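S.K.: Take a look at the letters that make up each chain.
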Amino acid sequence: MPIAAAPRRRAALPAGLLALSLALWAACGPAGEPAPSGEGAAAGPRRGGTIVVGTITDIETFNELLDTSSRAFHDVGYQMFLHLLDEQPDFTEHPPSFAPELATSWEWSDDHLALTFHLREDAVWSDGVPVTAEDVRFTWEAQTSPEVAWDGAYTKESIEDVEVVAPHTVVFRFSRVSPTQLLDALEGVVLPKHAWGKLPFSEWRRNADFFRENLVVAGPYRLERWTPQQEIVLVRNERYFDPEQPYLDRVIFRIIPEKSNQVTQLLTGDLHLVEQIPRTALPRVRASERVRVEAFWHRSYAFILWNLEDPRFSEAEVRRALTLAIDRQQMVDTLWGDLGRVATSAIVHHVWAHDDSIEPMPYDPARARELLAAAGWRDRDGDGVIEKDGVPFAFDLVANQGNQERIDAVVMAQEQLRRVGIDARPRMLEFNAMAQSLTEGSFEAMIFAWAMPTTLDLRYAFHSSEIGAGSNFSRYSSPEVDRLIEEMERLPEIAQAEPILLQLQQLLHRDQPMTLLWESQRVNGVSRRLHGLDANVLSTVWFLRRWWLEPAG
Amino acid sequence: MIALVLRRLAAALLLLYLVLTATFFLIHLAPGDPTVLLAGDRINPTVAERLRTVYGLDRPLREQYLTWLRSVVIEGDWGVSLHNGRPVVDLLAGALPATALLAFSALLVQYAVGLPLGVAAARRRGAPADGAIRVISLLLYSMPLFWLGLMAILLFAYAWPVLPPSHMRAVGAGELGPWARLADLLLHLALPALTLGLSLAGGTVRFVRNRMIEILEEDYIRTARAKGLSERRVVWVHALRNALVPVVQLLGLSIPFLLNGSLIVEVVFSWPGLGRTAFQAIVARDFPVILAATAFTAALVVAGNLLADLLHAAVDPRVRRA
Numbered sequence: 062m063p064i065a066a067a068p069r070r071r072a073a074l075p076a077g078l079l080a081l082s083l084a085l086w087a088a089c090g091p092a093g094e095p096a097p098s099g100e101g102a103a104a105g106p107r108r109g110g111t112i113v114v115g116t117i118t119d120i121e122t123f124n125e126l127l128d129t130s131s132r133a134f135h136d137v138g139y140q141m142f143l144h145l146l147d148e149q150p151d152f153t154e155h156p157p158s159f160a161p162e163l164a165t166s167w168e169w170s171d172d173h174l175a176l177t178f179h180l181r182e183d184a185v186w187s188d189g190v191p192v193t194a195e196d197v198r199f200t201w202e203a204q205t206s207p208e209v210a211w212d213g214a215y216t217k218e219s220i221e222d223v224e225v226v227a228p229h230t231v232v233f234r235f236s237r238v239s240p241t242q243l244l245d246a247l248e249g250v251v252l253p254k255h256a257w258g259k260l261p262f263s264e265w266r267r268n269a270d271f272f273r274e275n276l277v278v279a280g281p282y283r284l285e286r287w288t289p290q291q292e293i294v295l296v297r298n299e300r301y302f303d304p305e306q307p308y309l310d311r312v313i314f315r316i317i318p319e320k321s322n323q324v325t326q327l328l329t330g331d332l333h334l335v336e337q338i339p340r341t342a343l344p345r346v347r348a349s350e351r352v353r354v355e356a357f358w359h360r361s362y363a364f365i366l367w368n369l370e371d372p373r374f375s376e377a378e379v380r381r382a383l384t385l386a387i388d389r390q391q392m393v394d395t396l397w398g399d400l401g402r403v404a405t406s407a408i409v410h411h412v413w414a415h416d417d418s419i420e421p422m423p424y425d426p427a428r429a430r431e432l433l434a435a436a437g438w439r440d441r442d443g444d445g446v447i448e449k450d451g452v453p454f455a456f457d458l459v460a461n462q463g464n465q466e467r468i469d470a471v472v473m474a475q476e477q478l479r480r481v482g483i484d485a486r487p488r489m490l491e492f493n494a495m496a497q498s499l500t501e502g503s504f505e506a507m508i509f510a511w512a513m514p515t516t517l518d519l520r521y522a523f524h525s526s527e528i529g530a531g532s533n534f535s536r537y538s539s540p541e542v543d544r545l546i547e548e549m550e551r552l553p554e555i556a557q558a559e560p561i562l563l564q565l566q567q568l569l570h571r572d573q574p575m576t577l578l579w580e581s582q583r584v585n586g587v588s589r590r591l592h593g594l595d596a597n598v599l600s601t602v603w604f605l606r607r608w609w610l611e612p613a614g
Numbered sequence: 005m006i007a008l009v010l011r012r013l014a015a016a017l018l019l020l021y022l023v024l025t026a027t028f029f030l031i032h033l034a035p036g037d038p039t040v041l042l043a044g045d046r047i048n049p050t051v052a053e054r055l056r057t058v059y060g061l062d063r064p065l066r067e068q069y070l071t072w073l074r075s076v077v078i079e080g081d082w083g084v085s086l087h088n089g090r091p092v093v094d095l096l097a098g099a100l101p102a103t104a105l106l107a108f109s110a111l112l113v114q115y116a117v118g119l120p121l122g123v124a125a126a127r128r129r130g131a132p133a134d135g136a137i138r139v140i141s142l143l144l145y146s147m148p149l150f151w152l153g154l155m156a157i158l159l160f161a162y163a164w165p166v167l168p169p170s171h172m173r174a175v176g177a178g179e180l181g182p183w184a185r186l187a188d189l190l191l192h193l194a195l196p197a198l199t200l201g202l203s204l205a206g207g208t209v210r211f212v213r214n215r216m217i218e219i220l221e222e223d224y225i226r227t228a229r230a231k232g233l234s235e236r237r238v239v240w241v242h243a244l245r246n247a248l249v250p251v252v253q254l255l256g257l258s259i260p261f262l263l264n265g266s267l268i269v270e271v272v273f274s275w276p277g278l279g280r281t282a283f284q285a286i287v288a289r290d291f292p293v294i295l296a297a298t299a300f301t302a303a304l305v306v307a308g309n310l311l312a313d314l315l316h317a318a319v320d321p322r323v324r325r326a
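First to last, the protein sequences are chains P and Z.
Under this note's numbering, residues 62 to 614 are what the first sequence spells out, in order.
Under this note's numbering, residues 5 to 326 are what the second sequence spells out, in order.
Chain P extracted, bound-state conformation (with noise of 0.2 Å):
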């Protein structure tokens, strides 16, 4: 099953799970309709028109709170549901701004720990009850609540309590000062009290088609039809806030889970939008008349998780040594060309905060032996194997079946690091299982990957803390990382985090508690007729009510 990188700013892990080869597409020849001639778009937005864009999962739920995959929800609730702002995906220059959704603005305390929300007054669910304060109030407790168990709810720990203090006004009261206050008020789509509170919490895992039966949205679109493992269709809201936008009309998910289906019917006319175009297509689809390309680096980065608790990843010398020994470049241009760069920090190479004085680690085989050897690894027994103590520097380097760049890395490193007399023994494991001893620790060595949250949160991944309760998966734990990742903690802005964010990346690029491998993009093929998409790190959807179509002909 694949989970694809989450738009939402929590990290995630990228998809990718369904990879067939797409070599075969060279035999044939195209379809073939006129395309449209592109003068349309010189004209500017338009209303009205249907588009088909398609998807490889179906949504499991119309409930943000109870989703698993994040991926089906965020493309299709939101545009159902709305956040109180509406995060930007303009980080690049600096830390994200926020556009008004349902709150128009906001306001802090002076000690920053309340946070005032004014909402709209003419925002209204589809059923024509006003959205208030109360819904924003019973959100936050739908999301703390254990018989809920949202996987976010840890983005709501510092929350106290949500007061409403008039029908339009609601005060968020925290615990503690932290950068990321206002993202975790924000975090999660704001749930309609009046249709939903009828069904006590303890039900909700239990009642799915509660939520689609008492549907009622706030956003931009409002479910049409929907038919499991086939499609969802989205109509315009006419009660949306917004009277200029959305422009279309009607949007529908195709759920197709072959992804070389999904192409041939972008390039035969059927769809309007397909996601992640897999490489191997992408020369066919670059040469339609009908569809153009739209590349954009992604949140996510991949890497090799060395397991710290293993003695023979325990020090941070050998662990450079393995970076030495793996060959990324040829790494990133094997499998990705010119879509992807050797990620050099936890931070990528596109955000505000990215440290871009580290120079990515070069290959350099001799170096790397050098400091095995320094370390007492040596080929003692002239079987090519370095040993320290008697052990053979052996072990297992485990990847998810059904990724087929992680599984393709995998071989290239086992090659690579031979030649320094490291045996690492290519193992792939059915995502589930390789998910169980990620978690359990009872891996060797694993590639892996995921999407940088937005908040540039550090902690998750590795302060000390998060060693077995987090997802501090190779166990990694160093004071001097754990005091700065706190002290980061207590500023009540990210802007004010930059130094310490730069002497973080540098510690990090010191110990290499992973080998980061790669930064890629992700490439959409787009009908020539839609406009607007702006796709972005958060979502390709996430601007979709600015999206307009050309008419045909």
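Be careful, since some hints might not be right.
Part of the chain Z face toward chain P, derived, beta carbon under 7 Å [unchecked claim]:
hint, residue
1, H32
2, P35
3, G36
4, L55
5, N88
6, G89
7, R90
8, V93
9, I157
10, P165
11, P169
12, V271
13, V272
14, S274
15, I286
16, R289
Covered stretches of chain P (chain Z as the covering partner; in silico rule of three or more C-beta atoms under 8 Å from a C-beta of chain Z) [unchecked claim]:
hint, stretch
17, 265-279
18, 393-402
19, 491-504
20, 522-534
In short, the hints are calculated from the structure, not lab data.
These figures come from a predicted structure and were not determined experimentally.
Ideal Cβ positions, reconstructed from N, Cα and C, are used throughout, including at glycine.
Here the structure of chain P is known, so what remains is to put chain Z in place on it, guided by the hints.
M.R.: Just chain Z, lined up with the frame of chain P:
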């Protein structure tokens, strides 16, 4: 005959119980845990723990088994999907018609193609036509189903776009009249049913051919020919009737292959069937759905075997007397 049916039914129920119990323990003992995927992007252990409590997965396995058994056997309640919170029975019932339609159509294709080709090859044994049929059937039999599906899409939906490559209905089919809707459905059914049916037909051709060759050499066929019957009558009436006995059995036994195949075809052609539902449940370790889907498929397979035996008894008097 009634005693035979009752005996077989009792054995079938016992078998079902054993299959389900074994599945229950196997999926719980296999690595991976439903809460890992449920716990969201970061595989957060704290959330996973909460979910285990919510779904009762933190209780001893024996207790979980007894609870599940009691709810299924006594209350007839198969539970709720851990993954999407919908009743398991609704999920499967929603997916069943699509799979039944696909499987039945594929079965038609399988026999409509397999029988005549098998007979034709047997009649022309050793001739170029026989060779061609054997090569084609071997190709169909050995080609991976997903690849056959992708090729079919490339040929008939892209290079020569005459058939839709996915889904049961076209965009906007809801507004069509009843006949146009039926035509739309049949168009959408064409590629998946042909892919699955042809892939299964490969084996049927070879089976029928071999059986017919044996039969055509038997004494009674020589007698029929000596009586001066037309070759067509000899082959299609006298020989084929006997060749059909094992073919009928094969029909019952081919249900597992049909279900297996429909899983792959459902994924390739975005067909909303049981196979996809079961596959997603397995990946997500959605225990209630896996168990109900297993029960359903196991029941179908057992019923298929039973039917094969009964049909065999119907066409072969020796079995009835035994």
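S.K.: Please go over all the hints and tell whether each is borne out by the structure.
M.R.: Evaluation of the provided hints:
{"no.": "1", "hint": "H32", "in the structure": "13 Å, violated"}
{"no.": "2", "hint": "P35", "in the structure": "4 Å, holds"}
{"no.": "3", "hint": "G36", "in the structure": "3 Å, holds"}
{"no.": "4", "hint": "L55", "in the structure": "5 Å, holds"}
{"no.": "5", "hint": "N88", "in the structure": "4 Å, holds"}
{"no.": "6", "hint": "G89", "in the structure": "3 Å, holds"}
{"no.": "7", "hint": "R90", "in the structure": "5 Å, holds"}
{"no.": "8", "hint": "V93", "in the structure": "12 Å, violated"}
{"no.": "9", "hint": "I157", "in the structure": "6 Å, holds"}
{"no.": "10", "hint": "P165", "in the structure": "5 Å, holds"}
{"no.": "11", "hint": "P169", "in the structure": "6 Å, holds"}
{"no.": "12", "hint": "V271", "in the structure": "5 Å, holds"}
{"no.": "13", "hint": "V272", "in the structure": "5 Å, holds"}
{"no.": "14", "hint": "S274", "in the structure": "5 Å, holds"}
{"no.": "15", "hint": "I286", "in the structure": "9 Å, violated"}
{"no.": "16", "hint": "R289", "in the structure": "6 Å, holds"}
{"no.": "17", "hint": "265-279", "in the structure": "holds (count 6)"}
{"no.": "18", "hint": "393-402", "in the structure": "violated (count 0)"}
{"no.": "19", "hint": "491-504", "in the structure": "holds (count 9)"}
{"no.": "20", "hint": "522-534", "in the structure": "holds (count 4)"}
Going down the numbered hints, you'll see the structure goes against 1, 8, 15, 18, while the others check out.
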